[in-house]
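Below are the chains, spelled out letter by letter.
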Amino acid sequence: MIALDLPQPILWALRWALFLGPLAAALLLARRVQQSRRHLVGGLFSFLYGLGTILALHLLAIEVGWWRYGGDVLMIHGVPADILIGGALLFGPVLYFALPNVAPALILLPIVLALHGTMFASLDPLVTAGPNWFMGVCLVFLVAHLPALYLARWTATDRELPIRAALLALGYGVVAFLLVPTLVMLAMGGTWEVGATPRWLLGLCLLVFGFSCMVGLAAVQTFVLHGEGTPIPLDATRRLVRTGLYAYVCNPMQLSTALAWIAMGVALANPWVASAALMAWVFVLGMVRWHHRQDLEQRFPAAWPRYRANVPEWLPRWRPWIPEPAQLGIDPTKASHRAFRDWLRSRQAIGIEIVEAQGWLSYREPGETQHFTGAAAAAKALNHLNLAAALLGAAVLLLVLPFQYARSRLTGPRPTEIRDDAT
Amino acid sequence: MFELRSRARLTITFAICAASLARAFDVVSDLRIGDEATMLAYPLTVIFPSTLAVLVLVMGPARSREAVLMRVGVALQLLLIVALPAFALYLALGMPVVFLVVELFETRLPPPLRDRIAALVVAE
Chain A
1 MIALDLPQPI
11 LWALRWALFL
21 GPLAAALLLA
31 RRVQQSRRHL
41 VGGLFSFLYG
51 LGTILALHLL
61 AIEVGWWRYG
71 GDVLMIHGVP
81 ADILIGGALL
91 FGPVLYFALP
101 NVAPALILLP
111 IVLALHGTMF
121 ASLDPLVTAG
131 PNWFMGVCLV
141 FLVAHLPALY
151 LARWTATDRE
161 LPIRAALLAL
171 GYGVVAFLLV
181 PTLVMLAMGG
191 TWEVGATPRW
201 LLGLCLLVFG
211 FSCMVGLAAV
221 QTFVLHGEGT
231 PIPLDATRRL
241 VRTGLYAYVC
251 NPMQLSTALA
261 WIAMGVALAN
271 PWVASAALMA
281 WVFVLGMVRW
291 HHRQDLEQRF
301 PAAWPRYRAN
311 VPEWLPRWRP
321 WIPEPAQLGI
331 DPTKASHRAF
341 RDWLRSRQAI
351 GIEIVEAQGW
361 LSYREPGETQ
371 HFTGAAAAAK
381 ALNHLNLAAA
391 LLGAAVLLLV
401 LPFQYARSRL
411 TGPRPTEIRD
421 DAT
Chain B
424 MFELRSRARL
434 TITFAICAAS
444 LARAFDVVSD
454 LRIGDEATML
464 AYPLTVIFPS
474 TLAVLVLVMG
484 PARSREAVLM
494 RVGVALQLLL
504 IVALPAFALY
514 LALGMPVVFL
524 VVELFETRLP
534 PPLRDRIAAL
544 VVAE
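These protein sequence lines map, in sequence, to chains A and B.
Take the first sequence: its letter number 222 is residue 222 in my numbering, and every next letter is one higher.
With the second sequence counted from 1, adding 423 to any position gets you my numbering.
Check before you lean on any hint, since a few could be wrong.
[Claimed, not checked] Not everything, but these chain B residues come out facing chain A in the computed CB check (under 7 Å):
(1) Leu454
(2) Ile456
(3) Ala464
(4) Ser487
(5) Phe510
(6) Leu512
(7) Tyr513
(8) Pro519
Bear in mind the hints are in silico, worked out from the structure with no lab data behind them.
Backbone N, C-alpha and C fix where the C-beta goes; we use that ideal spot for every residue, glycine too.
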């Protein structure tokens with residue numbers, strides 16, 4: 001390890017360089033790839049993912065004593081905001097734009113070993129290393145930097161949609177529910193302390209927060225499955241998504257974010273955090289509606305206005321709006337399938353056509369490439385009953401589909417057959 | 424296609440440069456009394472928003488007038504962030520309000536008035 005004893009002006013210059021260096025490099029390198037929009041979007045996504053996850057991991061590092069930062073300028077709970085943004089730029093767009101064809105692990109390994117391994121413990125008082133700091137560095141690289149570079153790469157080449165949507169959801173979650181409330185509390189006052197909140201209220205808030213996250217994640221999953229894109233308009237869906245929770249409400253993601261902020265505000269006894277929900281509403285009025293007019297209305301001139309005329313923006317419908325019926329394949333020789341069919345009929349499921357098939361329960365929507373089987377098919381069928389059943393189905397899909405996806409990656413998809421002889 | 428008028432672009436850019444320069448003077452005067460905080464904060468609180476504002480202003484033509492107005496709104500908000508450091512965090516957190524204002528401008532204002540105001544900064 002190099003034992004540097006840097007004078008104060010050099011440390012100041014280093015702090016400037018740790019922010020301005022990546023910023024300048026990102027801008028210069030972005031000019032080089034500006035012909036490829038997907039590369040730019042990939043770089044942007046990697047930055048957004050890194051921003052939240054680096055903050056979360058550095059807060060963890062400070063909490064467990066792996067390292068701490070000196071100084072008191074532009075601090076977010078002990079993490080310098082400029083170094084945070086510089087890090088997200090460097091280990092996101094800069095490295096990706098500079099070395100787009102090199103495997104991220106090969107880029108990062110020398111940096112971990114050569115740069116951090118030799119210099120990290122020598123930058124006191126800018127950063128003071130504690131015990132086990134190298135383990136912390138490795139964790140930051142594994143959880144923040146490595147996925148950020150893969151996210152950029154996969155976005156640019158339009159691959160691994162489910163994984164990159166999951167990474168975007170994680171990055172968004174950390175930014176929305178860690179960074180934004182922290183900044184709100186820095187501006188308006190308050191702490192992350194929940195000791196004064198009654199336990200029953202805290203439990204209720206946790207329940208609402210968990211429910212909101214489930215709704216948001218389910219919406220992201222629906223975009224991936226039925227839209228073949230991410231929720232972020234820069235990497236937009238190819239098809240108009242009208243199924244799942246979108247058959248009940250237009251903006252489930254914004255609704256879930258607003259609900260989660262309200263729950264956090266109540267748990268933290270901080271009205272300013274709760275009022276961030278107003279910003280979600282402002283965002284929908286100002287940005288989302290504009291996006292709908294400029295993008296969805298242009299790409300789907302008939303389907304989008306029809307969808308908007310039937311599905312509300314904020315307050316969900318109780319029964320779904322399903323313009324074209326989906327197909328549920330059941331095996332009449334199986335008692336459980338027959339019981340499920342009868343139950344759906346007794347609950348007056350709408351927009352669903354039940355056909356006979358052999359083997360697994362199966363579900364398919366018109367004009368879709370996605371085909372659901374087993375528990376996933378049953379969960380999809382629940383979407384045709386009412387909002388409560390749809391939420392239950394969405395929760396089941398969040399558990400079942402990642403498992404099915406992982407299995408299909410390992411062993412190939414499960415064979416399913418549908419006969420078109422309707423019962 | 425719609426684009427920002429050169430005069431509007433130059434005016435906002437000049438204002439951002441002036442605000443950045445004023446903040447640089449603050450840095451020098453603070454350093455003279457031994458306070459390095461404003462110097463350390465300068466890249467993030469001045470150079471970063473100024474760079475973003477300039478990038479937004481030099482973006483190419485847009486398909487809608489609203490998009491250009493949003494860019495103007497964002498650039499003005501960034502100018503305020505540079506010029507009013509005591510309110511910078513509040514202004515940054517309130518960025519979505521810019522889009523709401525543009526939306527209300529485009530959808531609620533009487534068309535003759537709206538078009539006359541928009542023509543000051545947007546060229547078709």
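The hints, checked one at a time:
1. Proximity of Leu454 of chain B to chain A is violated relative to the hint, the smallest CB-CB distance being about 10 Å (cut-off 7 Å).
2. The restraint placing Ile456 of chain B at the interface with chain A is violated, with a minimum CB-CB distance near 16 Å, outside the 7 Å limit.
3. For Ala464 of chain B, the shortest C-beta to C-beta distance to chain A is roughly 5 Å, which falls under 7 Å, so the interface hint holds.
4. The beta carbon of Ser487 of chain B comes within 6 Å of a beta carbon in chain A, closer than 7 Å, and the hint placing it at the interface holds.
5. Among the interface hints, the one on Phe510 of chain B is violated; its C-beta lies about 9 Å from the nearest C-beta in chain A, farther than the 7 Å criterion.
6. Interface hint at Leu512 of chain B: satisfied, since its Cβ lies 5 Å from the closest Cβ of chain A, which is below the 7 Å cut-off.
7. Annotation: interface hint on Tyr513 of chain B holds; nearest CB of chain A at approximately 6 Å, less than 7 Å.
8. With its C-beta approaching chain A no nearer than about 4 Å, Pro519 of chain B sits inside the 7 Å limit, and its interface hint holds.
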